[in-house]
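K.L.:
Could you put the whole structure together from the sequences, leaning on the hints where they help?
Line by line, the protein sequences give chains F and W. With the working numbering, the residue at position 248 of the first sequence is 248, and numbering never jumps. With the working numbering, the residue at position 53 of the second sequence is 53, and numbering never jumps.
One or more of the hints may lead you astray.
Claimed, not checked - If you want the ones that stay clear, here's a sample from chain W, every Cβ over 12 Å from chain F, calculated:
(1) Phe63
(2) Phe65
(3) Leu188
(4) Val219
Unchecked claim - Okay, the calculated beta carbon distance ranges per label pair:
(5) Val108(F) to Asn64(W): 20 to 26 Å
(6) Pro180(F) to Gln167(W): 49 to 55 Å
(7) Gln46(W) to Trp93(F): 40 to 46 Å
(8) Lys207(W) to Pro32(F): 37 to 43 Å
(9) Lys158(W) to Phe28(F): 50 to 56 Å
(10) Arg31(W) to Phe28(F): 30 to 36 Å
(11) Leu130(F) to Arg109(W): 42 to 48 Å
(12) Gly222(F) to Thr216(W): 47 to 53 Å
(13) Trp93(F) to Pro205(W): 52 to 58 Å
(14) Lys80(W) to Asp15(F): 35 to 41 Å
(15) Asp129(W) to Leu130(F): 24 to 30 Å
(16) Gln166(W) to Leu26(F): 43 to 49 Å
(17) Ser86(F) to Thr151(W): 55 to 61 Å
(18) Ala154(W) to Ala107(F): 29 to 35 Å
I should point out that these hints are in silico values taken from the structure, not numbers from a laboratory. Here the structure is a predicted model, which means the values were calculated and not measured. Ideal Cβ placement from N, Cα and C applies to all residues, glycine included.
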Amino acid sequence: MKQTVSHARSRRLYDTAMVGLGGILLLFLVLPFVALVFDGGPEAIWRGLGCSLTWPALRLSLATTLVSVVLVVVGGTPLAWWLARSRWRSARWLEILLQLPVVIPPAVGGIALLLAFGRRGLFGGALERLGWTPAFSAVAVVMAQVFVSAPFYLQAAVQAFGRLDPSLLAVARSLGASPPRLLLRVALPLARPWLIGGAAMSWARALGEFGATLMFAGNMTGKTQTLPLAIYTALELDIHTAQALSLLLVSFAFALLLFLRRFNRGPEVARRLATQ
Amino acid sequence: MNHRTIALVGLIAAGSMVSFFAVRARGGEPREVVVFAAASLREVFQSVALTFERQHPNTKVRFNFAGSQDLRVQIEQGAKVDVFASADWKHMKLLTTQNLVSEPAIFARNLPVLVVPKNNPAQVRSFADLPKVTHLVVGAPEVPIGAYAETIFAAAGKLYGQAFHQQILARVRSRELNVRQVLTKVALGEADAGIVYKTDALTMPDKVQIVEIPATINVISEYPIAVVAAAPHSDLARAFVKLVLSKEGQKTLAAAGFSKVEGAK
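P.N.:
Written out as structure tokens, the structure reads:
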């Protein structure tokens with residue numbers, strides 16, 4: 001009897017601790033978004049959306065991130081396919097190296113890009129002689145986005161290809177599938193849900209890219225001023241303008257996450273198919 | 001995870017919180033005066049702070065250097081600040097009208113100048129050479145140094161003609177969010193020219209050259225300083241402002257390239 005009382009008490013303690021600790025973190029994570037939506041009221045936000053920075057920045061952000069995500073997928077898929085199947089030891093090191101942009105501060109990425117491809121950069125001089133200066137152009141925006149967002153897709157794709165059942169690939173090969181056919185008709189369809197998930201994460205990261213863009217591409221309305229840069233610029237005008245632009249970005253990111261969620265059910269199905 | 005582990009984690013969390021607040025509440029610590037100052041004041045205010053700490057034993061000056069607009073927003077949002085030093089009147093006036101600061105006074109003037117990389121690739125010798133550059137970088141119109149650049153360009157248009165004005169505007173490749181970013185782009189050689197404050201240009205003598213802007217088209221920026229109304233240490237705040245306005249403070253400012261302020265003691 002005594003046993004069960006103390007058991008019930010410790011159970012209660014456990015429940016309180018779990019709800020308390022989790023609840024504090026939950027509130028901390030959610031309250032800033034509540035403030036972002038409700039502070040100042042809809043009128044201030046509506047006025048903010050009318051700011052002259054808004055639409056050029058939104059257009060530029062959508063256009064550049066679309067180009068970035070396409071470049072990341074087109075280049076990242078073969079690279080990930082090779083990395084996942086390579087038995088070469090250095091491939092593992094390369095994988096770690098390629099994850100670096102995820103953990104370095106964005107400004108560091110900007111400095112690195114500037115030192116590499118800037119007008120006085122390591123390769124910038126050669127590029128300029130070829131008549132091509134990426135600095136301060138939309139090309140620079142895309143370069144910054146690809147640099148910071150590619151690792152997200154690469155990681156997802158390497159894992160997806162690594163998870164494919166090797167015997168399945170062996171069977172396909174023994175049935176006479178050529179390497180391109182193996183990739184296009186077997187590996188890609190099986191890995192598709194993860195690839196799409198990785199591409200969406202990569203897109204979201206490109207959309208939020210700030211530090212490297214500011215350093216490398218500069219800040220020019222309509223040319224290099226993406227939404228995050230416009231938010232920072234708008235902060236100099238009025239916090240509600242910045243808030244309105246932030247909401248725009250948050251809604252888009254939220255839509256991307258919803259989309260991801262849909263495909264998260266995908267991997268479950270695909271995994272079951274792949275392991276059957 | 002069993003219950004004991006959870007209890008342990010909870011204990012550690014609670015313990016660290018308690019010690020955090022205990023450290024904060026401990027008496028006998030040096031008194032702190034918190035100064036929010038425009039980014040362009042970094043070096044000069046740090047040396048003023050050394051003097052202040054010498055004059056007021058057991059006192060520390062803690063700084064937050066950022067764009068005046070960021071600092072103004074932080075003060076509006078209730079940051080605990082004793083002194084605010086702005087790079088222009090706009091943000092100080094916004095705080096004065098909300099009664100968040102009292103009696104601002106001008107303590108320094110600064111002059112926008114043209115800077116070019118040390119090797120001066122576009123061969124800019126005077127302001128009139130500006131159309132020769134391919135990459136011009138200025139501040140965004142929303143920040144003081146960018147607003148000044150606009151004013152200077154407009155005045156230059158009146159002096160050298162509208163074609164000149166159009167040419168310069170066509171050379172602008174980026175409108176940076178603070179003066180240091182403009183200076184960095186020029187120092188790195190990414191930009192062939194930029195407009196910054198003279199004091200900023202003087203911090204990188206081996207990277208950039210200064211080309212003066214003709215006085216007829218130039219503007220003079222004024223730096224106001226004020227004690228914050230809700231200052232936790234208003235006595236120290238007043239003493240800090242007094243030091244900045246004093247002969248000694250003014251000498252330090254002049255050495256950094258700020259122009260003299262008439263009427264400052």
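K.L.:
Compare the structure with each hint and give your call.
P.N.:
Each hint tested on the structure:
no.: 1; hint: Phe63; result: holds, 21 Å
no.: 2; hint: Phe65; result: holds, 16 Å
no.: 3; hint: Leu188; result: violated, 6 Å
no.: 4; hint: Val219; result: holds, 18 Å
no.: 5; hint: Val108(F) to Asn64(W): 20 to 26 Å; result: holds, 23 Å
no.: 6; hint: Pro180(F) to Gln167(W): 49 to 55 Å; result: holds, 54 Å
no.: 7; hint: Gln46(W) to Trp93(F): 40 to 46 Å; result: holds, 43 Å
no.: 8; hint: Lys207(W) to Pro32(F): 37 to 43 Å; result: holds, 40 Å
no.: 9; hint: Lys158(W) to Phe28(F): 50 to 56 Å; result: holds, 55 Å
no.: 10; hint: Arg31(W) to Phe28(F): 30 to 36 Å; result: holds, 31 Å
no.: 11; hint: Leu130(F) to Arg109(W): 42 to 48 Å; result: holds, 46 Å
no.: 12; hint: Gly222(F) to Thr216(W): 47 to 53 Å; result: violated, 32 Å
no.: 13; hint: Trp93(F) to Pro205(W): 52 to 58 Å; result: violated, 43 Å
no.: 14; hint: Lys80(W) to Asp15(F): 35 to 41 Å; result: holds, 38 Å
no.: 15; hint: Asp129(W) to Leu130(F): 24 to 30 Å; result: holds, 28 Å
no.: 16; hint: Gln166(W) to Leu26(F): 43 to 49 Å; result: violated, 56 Å
no.: 17; hint: Ser86(F) to Thr151(W): 55 to 61 Å; result: holds, 60 Å
no.: 18; hint: Ala154(W) to Ala107(F): 29 to 35 Å; result: holds, 33 Å
The structure shown violates the earlier hints numbered 3, 12, 13, 16.
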